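Engineer: Chains as they are written, first to last, in my numbering: chain E, 1 to 345; chain Z, 1 to 345; chain X, 1 to 345; chain L, 1 to 345.
Possibly wrong hints are sitting among the right ones.
Identical chains share a label here; the pair holds if one copy fits it or two copies do between them.
[Unchecked claim] Pairs of lysine to aspartate or glutamate residues, derived as EDC-like cross-links and limited to a Cα-Cα distance of at most 20 Å, are as follows: (1) Lys293 <-> Asp283; (2) Lys92 <-> Asp146; (3) Lys199 <-> Asp95; (4) Lys132 <-> Glu166; (5) Lys260 <-> Glu298; (6) Lys219 <-> Asp176; (7) Lys199 <-> Asp326; (8) Lys132 <-> Asp250; (9) Lys254 <-> Glu298; (10) Lys132 <-> Asp281; (11) Lys199 <-> Asp86; (12) Lys172 <-> Glu64; (13) Lys99 <-> Asp146; (14) Lys199 <-> Asp144; (15) Lys179 <-> Glu169; (16) Lys199 <-> Asp83; (17) Lys45 <-> Glu108; (18) Lys102 <-> Glu342; (19) Lys179 <-> Glu224; (20) Lys132 <-> Asp326.
The hints are simulated quantities; they were obtained by calculation from the structure and are not laboratory data. Remember, it's a predicted structure, so these values are computed and weren't measured experimentally.
4 protein chains.
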Amino acid sequence: MQHFLYKLENITNNSIGDVMGHNIDLSKYKIRTDLAIEAMNDEEKTMVTYENGIKITNVDIDAETSKKIGKKSGKYITIEFDDITDHDSFKKVEDVFIKQLKSMVNGENILVVGLGNEHSTPDSLGPKVASKVLVTRHLFMLGDVDSGYRCVSSLEPGVLGQTGLETSEIIKAIVDMFKPDLVIVIDALASQSIDRVNKTIQMTDTGIHPGSGVGNSRKEISSEVLNVPCIAIGVPTVVDAVTIVSDTIDYMYKHYVYSKDKNPLHKFILKPNYKDIKIDDVDKQQLLGMVGKLNNSEIKQLIFEVLSPIGYNLMVTVKEVDFIIDKLSLLIANGINATLHENIK
Amino acid sequence: MQHFLYKLENITNNSIGDVMGHNIDLSKYKIRTDLAIEAMNDEEKTMVTYENGIKITNVDIDAETSKKIGKKSGKYITIEFDDITDHDSFKKVEDVFIKQLKSMVNGENILVVGLGNEHSTPDSLGPKVASKVLVTRHLFMLGDVDSGYRCVSSLEPGVLGQTGLETSEIIKAIVDMFKPDLVIVIDALASQSIDRVNKTIQMTDTGIHPGSGVGNSRKEISSEVLNVPCIAIGVPTVVDAVTIVSDTIDYMYKHYVYSKDKNPLHKFILKPNYKDIKIDDVDKQQLLGMVGKLNNSEIKQLIFEVLSPIGYNLMVTVKEVDFIIDKLSLLIANGINATLHENIK
Amino acid sequence: MQHFLYKLENITNNSIGDVMGHNIDLSKYKIRTDLAIEAMNDEEKTMVTYENGIKITNVDIDAETSKKIGKKSGKYITIEFDDITDHDSFKKVEDVFIKQLKSMVNGENILVVGLGNEHSTPDSLGPKVASKVLVTRHLFMLGDVDSGYRCVSSLEPGVLGQTGLETSEIIKAIVDMFKPDLVIVIDALASQSIDRVNKTIQMTDTGIHPGSGVGNSRKEISSEVLNVPCIAIGVPTVVDAVTIVSDTIDYMYKHYVYSKDKNPLHKFILKPNYKDIKIDDVDKQQLLGMVGKLNNSEIKQLIFEVLSPIGYNLMVTVKEVDFIIDKLSLLIANGINATLHENIK
Amino acid sequence: MQHFLYKLENITNNSIGDVMGHNIDLSKYKIRTDLAIEAMNDEEKTMVTYENGIKITNVDIDAETSKKIGKKSGKYITIEFDDITDHDSFKKVEDVFIKQLKSMVNGENILVVGLGNEHSTPDSLGPKVASKVLVTRHLFMLGDVDSGYRCVSSLEPGVLGQTGLETSEIIKAIVDMFKPDLVIVIDALASQSIDRVNKTIQMTDTGIHPGSGVGNSRKEISSEVLNVPCIAIGVPTVVDAVTIVSDTIDYMYKHYVYSKDKNPLHKFILKPNYKDIKIDDVDKQQLLGMVGKLNNSEIKQLIFEVLSPIGYNLMVTVKEVDFIIDKLSLLIANGINATLHENIK
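This is chain E alone, in the form it adopts within the complex (with noise of 0.2 Å):
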């Protein structure tokens, strides 16, 4: 015990294994996201907009910074929202969603490739915008369009699961045959934070990642593997357990200073505003202890060492997935349509 205190009273950069005294080597918990805003800290180099309550965060990762939080560099724009199931709120999303996807878009021959299995429901995004998006190739290839249309075509690749064949080089294979201007891919990605699920969409000119996102052993999707531009629409629509406990505890620390240092009118306010709310390390070690003396990243990789073994860190979802994943397939697939075709909206 005293060993084991002394060892957490000198904790660094130590493995979190290490400073709970167990040294299982465990594989380390690897941040997982495919949204550069949750990987960026430097807030100079983003720029962030509002547009009818929905936030705009614009971020070009140049080199350096990409060797330093692992993204690669490239342009990152994410559409933060609190809702789209009604219909208002909908349309607002999309104006803005078609308004950022416009600036991204060159080319005139198209493919939208829908990533993921349309048969396990949090993953069944990516399909679900791919079978909504307008084709026009095949029409084109007959030469009856009407000027305000592109040349477009769609892809439902599957998973390796599914298919056994690497999805990436099913794309690879697909863009040598056509020789589209441009790819547009979407998938459903991992969160690394509960407040974006299903209330986030990132666009990015980098295209797809392994290693970011659910860690499968897909390999790159982006234009310099495929030759072409590539342009990734991605949105977190699920969590892994250690993320909704860290971002707990997180919120535990936030709820103890803000009721300790209440005001008296607290008390009738039912949602909190944690927004500029300093926590100390005092604090910290009051409410939560020897956890209390631990950063973000080791209490996400403790978490993780405690759940992993007895297999717990499950990959979870929200309960009205089916709802949330029709609306925003439509609502991407709606904007992708109105962005390639202008004749449409």
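Chain E is already provided as a structure; the job is to place chains Z, X and L on it using the hints.
Structural biologist: Relative to the frame of chain E, chains Z, X and L by itself:
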């Protein structure tokens, strides 16, 4: 009118439009069949066997016959059955299917392609089979597969109207990328007779050909195009109104002759046996007047000319199509799995 | 043979089995239609109007006519249209449907019942409509509903083969429990003519009756049985082979006369207009011999006798049934929502 | 702050809101469980057996215990298993399920009711089971059923938000109309622990009760309400974030103690066995500070107070929910069929 009758007396190879005194130059009704047994008249070149009441027809079409009947030269195996809705019948047909498929399959690295539109029930046979095939290629890539399994992958390329991409070109691109030893394509076909709908499975090493079948403009999918052997498995799931009517007229003749010459005992027979009935021209003309003077393909052309301009040459399927397609896709997927993986069953 | 011809010359009300010299006592072909306009011959009692190219037929069947044609006495409104697959046509038909439905609906507490089997595409119209109806009864129970909404509930009772329970008795039980003011049932019907399949919506205040329609043994669903007003909305989505063949024979006559007497300009007309064509018995017998001597219902009986014993009087639907049922169910659900809730649209 | 710490030192049964110095009167976190084994602490009244590695717990809750733990008095059988995704495990669990279900079922005329929303995957267990149950009642009505089959019917009543009708009242109406001897209801439940999600089947003769489970306002479905015996079969398929976090905190304690006192051999153990670990208050407070002073239900209340105001007490399900629900519904339907019809299996 006299002129018309005169012409009717003299019909030879004239267009039925002329026969009817009707010169509108309609595109001719094409005998659209993917089934070799429907195209094949020369019974000497077919070998018929029965197993458990299931009819198995082997046809090897040589170059000469190929020209005559417009079916590609190669091997055709056709299985005809009455029912697969109960467990016993299902198993019997499955066993015959496995035995016949094994006789055609060679190679260790096999790509199974499910053609058709999964969102259109009568056309969803291919995708439904593909999604039930036991895929192993990704496990072979990892190196850890027991003996008794072949390296199998699958693909659902969609249809031209969904993707904007030629299905044959998608498959070509995938074959070039992944280099399987053998491609097996599964497709829903159009039938040229009502008694084969959902009751026939055809296997052939000649692939899939445009012009035959439902007449979509998809291009050929065959060993010549793909540069690897290609087996096509097809089940007729739709039939057009022309076929329903012309088949009915044929049964009317048989019913007429059967009734006319009838044995008094016939009245106790619930299901008449029309097999050995001979119909002569006098019978036909007595029953059906001028129409009775037409041969089978002229009758089809006439019905086509009657129905097409008013939009009623519908391509139809049976009311129970959802149930039947589920059963058929399970049978074919089970059969492919047992054929490709000796460890199964 | 002489005997046969003799009988053929003297046919009156004889069974077609006798006509054909065939005495097997087959169950007669029942004219199975749920559409009043198909049963109604007396054109004096129907009122036809057109709106935007959509034909609207109002029939009020009184007690006397009811006995004659075997349709229950009451009000029947039938909407006939060519197409609802493009946005404009869809809207036009929807508008007409709403206007006509509004003329029939009374009451504030309405139960919408979707009849049919949701797992069988051609029979899934009812459940698909019910699932898209805006349901409010539970909100009324809580007390917080804006004016402009009626109290609406819905039910998908399934079919006898799925549940083992008589559908009419399920509905009776629910109506007795929840006491709506009005029941609206939606069902897929069988058509007696190929040109009405998926192109007709019938509304009636007489409910649904066994014997008419697809002939399932479900019992009557009507105001008499339920003790509350009951409106039935039906769309013919299937047709049997007998109908396809007999309709085609009818079109053959018209095509024959049209071609025979043709104006030289007819050859330039792509879609012939058969509307005012008069066919006499001589024409019919010249074209179709003995069959030409039969009237329309005798021909149906003959075809039924030919096809039924060999199992080919299939009930069929169009190949595109998934797409069509989606469109139709959306149109009817939109129409019910706009009719019941004035705040909608 | 002093005040707060003081209160923290003296916590007894206070609201956690008070403990945290936070007086906002949140609705308390209700321990929402449909699983008797989760509510039952008195181990004397439970009987545990194992079969093929599957844990079977029998609890008979008497009137006295019922009051104490808030679970209705009656018989509860719980089956706990690790996996049903491979064929062998599936069969073993199925066998145990059949044996236990047989011990509860009596009667010849049985109504199977699938509760839940078929369009929401995590809630679709009930409808999926109901649609796979072998229904025979309509055949019994016709009189032609072999011995070895019971008279079985099924119902999918939908959910309040879909139908606007109270589910319990729909079932009551149907039971009154069709008078079965026994009602079996199947439902997806909420779990109070992450290790039971999709790994537990509970059978009880007490029916389904509001307040337990996911907290929907549906009313009781039980023998008291229906006037016939009522067996409820439930599987927890969702869990809330509060449970995930509180379970994780519990595992943190165990992991801490296990690691601290560890045997040098522990480092070679991949899956630690926490079963016999005793955690004392000193350990808890060292690890988690003030939070370590709270008991399990106080921790839940705290997490609830932290997450609810900001909308993050999500009800979640596993990412693979589609696959799992398919397997579970097949297992339960197979089990019901084998239990009700001795001719099956």
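Engineer: The structure should be examined with respect to each hint, and the outcome stated for every one.
Structural biologist: Going down the list of hints, with the structure as the test:
no., hint, result
1, Lys293 <-> Asp283, "both (10 Å within a copy, 16 Å between copies)"
2, Lys92 <-> Asp146, "neither (29 Å within a copy, 24 Å between copies)"
3, Lys199 <-> Asp95, "within (15 Å within a copy, 36 Å between copies)"
4, Lys132 <-> Glu166, "between (24 Å within a copy, 19 Å between copies)"
5, Lys260 <-> Glu298, "between (25 Å within a copy, 18 Å between copies)"
6, Lys219 <-> Asp176, "both (17 Å within a copy, 19 Å between copies)"
7, Lys199 <-> Asp326, "within (14 Å within a copy, 28 Å between copies)"
8, Lys132 <-> Asp250, "neither (39 Å within a copy, 41 Å between copies)"
9, Lys254 <-> Glu298, "both (18 Å within a copy, 18 Å between copies)"
10, Lys132 <-> Asp281, "neither (51 Å within a copy, 54 Å between copies)"
11, Lys199 <-> Asp86, "within (14 Å within a copy, 33 Å between copies)"
12, Lys172 <-> Glu64, "neither (29 Å within a copy, 41 Å between copies)"
13, Lys99 <-> Asp146, "neither (23 Å within a copy, 35 Å between copies)"
14, Lys199 <-> Asp144, "neither (40 Å within a copy, 28 Å between copies)"
15, Lys179 <-> Glu169, "both (15 Å within a copy, 12 Å between copies)"
16, Lys199 <-> Asp83, "within (7 Å within a copy, 33 Å between copies)"
17, Lys45 <-> Glu108, "neither (31 Å within a copy, 53 Å between copies)"
18, Lys102 <-> Glu342, "within (11 Å within a copy, 38 Å between copies)"
19, Lys179 <-> Glu224, "within (15 Å within a copy, 23 Å between copies)"
20, Lys132 <-> Asp326, "both (11 Å within a copy, 14 Å between copies)"
Comparing the model with each earlier hint shows violations of hints 2, 8, 10, 12, 13, 14, 17; every other hint is respected.
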